[in-house]
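Protein sequence lines correspond, in order, to chains Y and R.
Counting from 1, one number per residue, gives the positions in the first sequence under my numbering.
Counting from 1001, one number per residue, gives the positions in the second sequence under my numbering.
Treat the hints as calculated values from the structure; they're not laboratory data.
Note that the coordinates shown come from a computational prediction; the quantities given were computed from them, not determined experimentally.
A hint or two may mislead.
[Claimed, not checked] Derived list of chain R stretches under chain Y, where covered just means 3 residues or more per stretch with a C-beta under 8 Å from a C-beta of chain Y: (1) 1056-1064; (2) 1078-1090; (3) 1117-1124.
[Unchecked claim] Partial chain R-side listing against chain Y, Cβ under 10 Å, derived: (4) Gln1021; (5) Leu1023; (6) Asn1068; (7) Tyr1128; (8) Ile1131; (9) Pro1164; (10) Pro1166; (11) Gly1169; (12) Pro1171; (13) Val1173; (14) Ala1178; (15) Leu1179; (16) Ile1182; (17) Phe1184.
Each residue gets a CB set at the ideal place from its N, CA and C atoms; glycine is no exception.
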Amino acid sequence: MNACKERLYNGIVKENPTFVLMLGMCPTLAVSTAAINGLGMGFSTLAVLVLSNLIISLLRKVIPDEVRLPAYIVIVASLVTVTELLIKAYLPSIYSALGLYIPLIVVNCIILGRAEAYANKAHPLPAVFDGIGMGLGFTIALTALGMIRELVGAGTLFGIQILPKSVEPIGIFVKAPGAFLVLGFMIAVLNFFNVKNRSSEMVTGCDGCCAACAKGPACGKEAEK
Amino acid sequence: MKELILIIVTAALINNVVLNQFLGICSFLGVSSKMKASASLGVAVIFVITLASAVASLLYDFVLKPFNLDYLKTIVFILVIAALVQIVEMFIKKTSPGLYQALGIYLPLITTNCAVLGVALTNVQNEYTFIESVLAGFGTGVGYTIAIVLLAGIRGRLDEEAIPKPFRGAPIVFLCAALMSIAFMGFSGLS
Chain Y
1 MNACKERLYN
11 GIVKENPTFV
21 LMLGMCPTLA
31 VSTAAINGLG
41 MGFSTLAVLV
51 LSNLIISLLR
61 KVIPDEVRLP
71 AYIVIVASLV
81 TVTELLIKAY
91 LPSIYSALGL
101 YIPLIVVNCI
111 ILGRAEAYAN
121 KAHPLPAVFD
131 GIGMGLGFTI
141 ALTALGMIRE
151 LVGAGTLFGI
161 QILPKSVEPI
171 GIFVKAPGAF
181 LVLGFMIAVL
191 NFFNVKNRSS
201 EMVTGCDGCC
211 AACAKGPACG
221 KEAEK
Chain R
1001 MKELILIIVT
1011 AALINNVVLN
1021 QFLGICSFLG
1031 VSSKMKASAS
1041 LGVAVIFVIT
1051 LASAVASLLY
1061 DFVLKPFNLD
1071 YLKTIVFILV
1081 IAALVQIVEM
1091 FIKKTSPGLY
1101 QALGIYLPLI
1111 TTNCAVLGVA
1121 LTNVQNEYTF
1131 IESVLAGFGT
1141 GVGYTIAIVL
1151 LAGIRGRLDE
1161 EAIPKPFRGA
1171 PIVFLCAALM
1181 SIAFMGFSGL
1191 S
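Using the sequences provided together with the hints, build the complete structure.
Written out as structure tokens, the structure is:
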């Protein structure tokens, strides 16, 4: 049981996918215009991540090593298609807000990254908890980012008016530049509080790119040599 | 003709793939520390996105749509893109070693670049014809290249600046991207 708890802590705090590993940046920036969108995207990714970790962990002895990446992609893409159809049917407002970014969960590096880094070597139960931990870490980051942007940019929180009407909201925060701005400041604040035990070095090549987790030697780091 | 030019301009500048749509952020942040690598990746992205848009468009119009398999498009597109990148890589390796040296390493990196899948899906959503899809793909690639080369230039200068410690690394790059994004918002007047 301790392994499961450790996995949860690891995903939410120690290796938070957004703030520490800097994975899955595209959906993070794109859908965090409002807190509810961040929450929706976070939970969709969580569902896909838990199921893909479970399936890949169960199949870890069946899938031959040479074709594991295409196999993972097919598993993840099937799960994403199912999730997309379910959201479309039951949560149409979330579906129209997230739009293109739901099918793009397929190329979210967190999912392939966890498959490659953890699920294909672990037993199903810890793999599921790894998925829950990482998924929650991602959801928390997205929701926090969405809350700040919504509060400053529109004066609301989860659609409820918070700031008095007399305060003019700063519209740029819910537009594209606001995403970069708020995330940059959030990471800077986190750096400020634990500068010592974090490497503030920019992740380069492999560590920061989507293909890194999956493609290993084929990616940027090799290129720099 | 006017509409076709507008598609390229929209894809490259007005709806810039990185600064406005947030696709391909990972490689945008990861690779932009080096100018030369950024330019090579940009060229490789233009090449792959244009080709992938063409193939995805043909596949959607002649296979997925006639057989009512619309819901399979995510799976089909990602597999086609992965296979396409592999084939292109092998082809370039055999026919032109010089080009392979320049692009080769970046080609596999592009498979999981969400910009490629994103453009293929947007083209279908907008119901673009074959030619429109190819042009939109090309424009998107050009927009990506412009953004990553500009950021690489800015980061080259950042190296010599005294940046406050918590902002070193990723945060300052995000702030630069935010300012670039504000600048690119100016292009929305073109549409």
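Now the hints, each set against the structure:
1. Taking a C-beta to C-beta cut-off of 8 Å, the stretch 1056-1064 of chain R contributes 0 residues in contact with chain Y, too few for the three needed, and the coverage statement is violated.
2. For a cut-off of 8 Å, the count of residues in the stretch 1078-1090 of chain R with a CB near a CB of chain Y stands at 3, and the three-residue condition holds.
3. Given a C-beta distance limit of less than 8 Å, the hint that chain Y covers the stretch 1117-1124 of chain R holds, as 4 residues qualify and 3 suffice.
4. The beta carbon of R/Gln1021 is positioned within 10 Å of a beta carbon in chain Y (closest approach about 7 Å), and the interface hint is therefore held.
5. For R/Leu1023, the interface hint holds, the least distance from its beta-carbon to any beta-carbon of chain Y being 6 Å, beneath 10 Å.
6. For R/Asn1068, the suggested interface contact is broken, since its CB lies about 14 Å from the closest CB of chain Y, more than 10 Å.
7. At a threshold of 10 Å, the smallest CB-CB gap from R/Tyr1128 to chain Y is about 14 Å, leaving the interface hint violated.
8. Against a cut-off of 10 Å between C-beta atoms, the interface hint on R/Ile1131 is violated, since the closest Cβ of chain Y lies about 22 Å away.
9. Given the 10 Å rule on beta carbons, the hint for R/Pro1164 holds: about 8 Å separates it from the nearest Cβ of chain Y.
10. Hint status for R/Pro1166: holds, given a least beta-carbon distance of 4 Å to chain Y, under 10 Å.
11. About 4 Å separates the beta-carbon of R/Gly1169 from the nearest beta-carbon of chain Y, less than 10 Å, and the hint is met.
12. Hint status for R/Pro1171: holds, given a least beta-carbon distance of 4 Å to chain Y, under 10 Å.
13. For the restraint placing R/Val1173 at the interface with chain Y, the shortest Cβ-Cβ distance is roughly 6 Å, inside the 10 Å limit, so the hint holds.
14. The interface hint given for R/Ala1178 holds, since its Cβ lies 4 Å from the closest Cβ of chain Y, which is under the 10 Å cut-off.
15. Satisfaction of the interface hint for R/Leu1179 is found here, the shortest Cβ-Cβ separation to chain Y being roughly 7 Å, below the 10 Å cut-off.
16. For R/Ile1182, the interface hint holds, the least distance from its beta-carbon to any beta-carbon of chain Y being 5 Å, beneath 10 Å.
17. Below 10 Å, beta-carbon pairs count as interface contacts, and R/Phe1184 has one with chain Y at about 8 Å; its hint therefore holds.
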